[in-house]
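These are the residues of each chain, in order.
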Amino acid sequence: MTKENVQGAGEEEQQAQSKKALKKQQKEAEKAAKKAEKQAKLASEQQEAEEDDFAMDRYGICPMVQSQQKLDRALVRVQDLTPEKAEQQIWVRARIHTSRAKGKQCFLVLRHQQFTVQALLAVGDCASKQMVKFAANLTKESIIDVEAVVKKVEQKIESCSQQDVELHVERIFVISQSEARLPLQLEDAVRPEGEGDEEGRATVNQDTRLDNRVIDLRTTTSQSIFRLQSGVCQLFRDTLINKGFVEIQTPKIISAASEGGANVFTVSYFKTSAYLAQSPQLYKQMCICADFDKVFCVGPVFRAEDSNTHRHLTEFVGLDIEMAFNYHYHEVIDSITDTMVQIFKGLRDRFQTEIQTVNKQYPSEPFKFLEPTLRLEYKEAVAMLRAAGVEMGDEEDLSTPNEKLLGRLVKEKYDTDFYVLDKYPLAVRPFYTMPDPNNPKYSNSYDMFMRGEEILSGAQRVHDAQLLTERAMHHGIDLEKIKAYIDSFRYGAPPHAGGGIGLERVTMLYLGLHNVRQTSMFPRDPKRLTP
Amino acid sequence: MCQVSGVIKMALRELSSLERFLGLKKPNKYSSQGGKKVPVLQNNNGPALIGLVTIASHLVREAKRPELLGDSAERRAVVQQWLEYRVTRLDNCSKEEVKVILKDLNQYLEDKVYLAGNVFTLADILMYYGIHHIVVELAVQEKERYLNITRWFDHIQHYPGVRHHLPPVVVLRNRVYPSGHY
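Protein chains in written order, with the numbering used here: chain A, 709 to 1239; chain B, 4 to 185.
Same shape as in the complex, but just chain A (with noise of 0.2 Å):
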C-alpha cells in the first residue's frame, strides 16, 4: 500500500514536472523566436541605413587631429553669430551643451566659452534619418565641428546667449567624444542658490565642483568670474606701469621668515631648510633701497595657516605694491586708492557681461566705490562700532565680525563698498611698522575693505637701521635672522610705504562671492592639494 502510494505520488510528480517543461520550453522558443526576429529587423535597418544613407560622409567621427592637414577653414566664434551672420554658411567648433531629438529632428545647444547658441538637425534635403540619430545620441560635452547656415529667429531663444540665431546644421563630425557619464552636470552647477530647492533639483555642492574642477571651470560663472580676474590683473598692471612702476620678480624660497615664523611653509632645501615666502615684503623693499622707486609684483604668496574659513587659502596671488614717497606716506595711500578705484571703473566699464552672468546665479548689489576713497582713522572706527553697542579696547584689533559690521555701518553712512583704515594700533602691526609720530600707540599702517572684508594690508616701513633694530628687538625677533634685512637700510634708505592685496579676494568681494575657493582656479587650502 504504501509502495504503491509513494509510487503514484512520484508519477505525479514526474507528471507535474513535464507539464512544467514542457510551459518552459515553450516559452524559451518564443523568446528565441522574438529574439531573432528581433536580430532580422535590427540587421535590416542596419542594411537599410547602411544602403540608404545618403548623408553618410556629412556626418561621423574625425580622425584624432594628429596635425596630419592644414584645412583652410575659419571657424567662427560662437559668440560672433549674430543676426548680421544671418544666411551665411559657417563652421563653428563647440561643445555639445545639450541635445534633444524629437522625431525626425534633434535641436543642440552649442557652448563655447560662456556663449551658447541653438543648432537644429532635420531630417531633409541635407541630413538623413541616420544623421539626425547619430547627432541625438552624441554625449554631452562632446566637441564637434558643424557646419551650417545661420537663420535669424523670429522669436528670441531665451536659454542661449545668443538669442536671435540659430544654426541650420548641414555637417557634424566629432573631435573628441565625451564619456557618457559626467560626474556632474553643468545646469545642475550654475543653478542659484535656493532655486533648486524650491524645484526639487540638485546643486552640487563646493567639493564636488572642486573634485572636478577641470568640468565645473566651463560652467558659465566660472569663465565669467576667471575672465573678470584676469581682468584685474590686466588693470592693476595697466595702471601701476602709467603711474611709472617697474615690475619685479622675488624668489618664494628664502632663507627667513618676514615675521615671525608660525605661519610659513618650511621646505627642506639640500642640507638645510627654507620657507616659502609669505609676501614679498622684504624683496620689495630691498628694490627700494636699490632706487627702483616704485615697484610691484604679481605672484604666489604662501600661508601656513591652518585656517579653514571662507576667505583663507594657503597659496593664493598676491598683487605687491612697495613705494617711496616724498614726506607723508599718504602719498602713497592715494597711489593705491587711485589704482584700485582704476581697477573697479575699468571691471565696472569692460567686464558688465562677466558681471551680470555671474550675477545670475550668485545676485549681489553692484560695487560702490567713492572718489577720492574714503579714509577713516582707527580711532573713528572705533567709535563707530562703539555706537553700535560693541564693546573693545582702544587698542585691541578688529575681530572679523566686527570688521564686517564696521563695513555694513560705513555703507550705511557713506553709501560705499570701498574704503581704507588708516593709523592701526602699533601693538597690532608687524615690526616694521613705522610708529605715529603724534601719538607711539597708534602707527603709519593702514588696511583696506572691500564689502567689509580686508583685502590689503599696508603700512609705512621703517627705513632706519636702528629704529628697525629696537623694533624687532621689541618683537623678540632673532636679529641674526633678519640681518641682511636690516643691513639693506644702513647705506641710505628712502623713507617709503606699500602694501599687498589678494587677488582671489579682490575678485570675491568684487563680485560679492562668499568663498574664496569661487575665485581661485585651483584652490590649495588645508584639506586640499588636488587637483
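Be aware that one or more of the hints could be misleading.
List time: in silico PhoX-like cross-link candidates among lysine-lysine, alpha-carbon distance up to 25 Å [to be verified]: (1) Lys864(A) to Lys951(A); (2) Lys40(B) to Lys1112(A); (3) Lys1112(A) to Lys102(B); (4) Lys960(A) to Lys1191(A); (5) Lys746(A) to Lys727(A); (6) Lys859(A) to Lys810(A).
Short, incomplete list of chain B residues facing chain A, as computed with Cβ under 7 Å [stated by the list, open to error]: (7) Val173; (8) Asn177; (9) Val179.
Think of the hints as simulated: they come from the structure by calculation, not from any bench.
Remember, it's a predicted structure, so these values are computed and weren't measured experimentally.
Where is the CB? At the ideal position from N, CA and C, for every residue including glycine.
Take the given structure of chain A and dock chain B to it, following the hints.
Just chain B now, with coordinates in the frame of chain A:
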C-alpha cells in the same frame, strides 16, 4: 547651581525694580522657596504670596494701578497669557528655543506697540526684564533681523522708570543690512 541662584537674584531685583516703578514707598522683603527658588513675599495681613507673577500682580494692585493688568476682560486675559509665557517659556529656555521664541515674538509684535496692543501693561515690564539677557547678547545683524522685538524692547527700556537695574542696550535707528541679506 550658579545659574539658578543668578536667576533667583534676578527675580528679586526685578521685583524691587518693579516696586520702584510703581512708586511703592516701603520696599518689601522677599525670601525664596524650594529647589527652583521661587520668590516668596510674606504678607503682614494674610498668607504668603508665592511666585513672580503672583507677587508682581499683587504689587500692582497695592500701588492702585490695576490698569497695568488690563482694563478690559480681553486685555486682562492677554496680559495673563504673556505673564505666563514669561515664566513658563522664556525663563530657563534652551538655546534652540531662544531662536523660536524670538521669531514668534517678532512676528507677534509686527503690528503692536505693546504686548497687549496699544496700552502699556505689566506684561511689557516683565517680558522686558525676562528677555533682557537675550537681547543684550544679540549682534547688530540679529537685532535687525528681529526688528519688531528690537523696536518694542528699545521703547520699553526708555519707558519712564522701567529700566532700573538693567544696563541699556544700544539700538541702531538705521538699517545697516540690506533687507533679505541674512
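Consistency of the hints with the structure:
1. A threshold of 25 Å between alpha carbons decides the hint, and for Lys864(A) with Lys951(A) the separation of about 46 Å lies outside it, so the pair is violated.
2. A hinted pair counts as satisfied when its Cα atoms are at most 25 Å apart, and Lys40(B) with Lys1112(A) does not qualify at roughly 42 Å.
3. Among the hinted pairs, Lys1112(A) with Lys102(B) is consistent with the structure: their alpha-carbon atoms are about 22 Å apart, no more than 25 Å.
4. For the proposed pair Lys960(A) and Lys1191(A), the alpha carbon gap of about 19 Å is at most 25 Å, so the pair holds.
5. Taken as a hint, the Lys746(A) and Lys727(A) pair is broken in the structure, with Cα atoms around 29 Å apart against an allowance of 25 Å.
6. Between Lys859(A) and Lys810(A), the direct Cα distance comes to roughly 20 Å. Compliance with the 25 Å bound is thereby established for this hinted pair.
7. The closest approach between the C-beta of Val173(B) and any C-beta of chain A is roughly 3 Å, which is under the 7 Å cut-off, so the hint is satisfied.
8. Using the Cβ-Cβ criterion of 7 Å, the hint placing Asn177(B) at the interface with chain A is satisfied: the shortest such distance is roughly 6 Å.
9. Annotation: Val179(B) was flagged as interfacial toward chain A, and the flag holds, the nearest CB pair being 4 Å apart, inside 7 Å.
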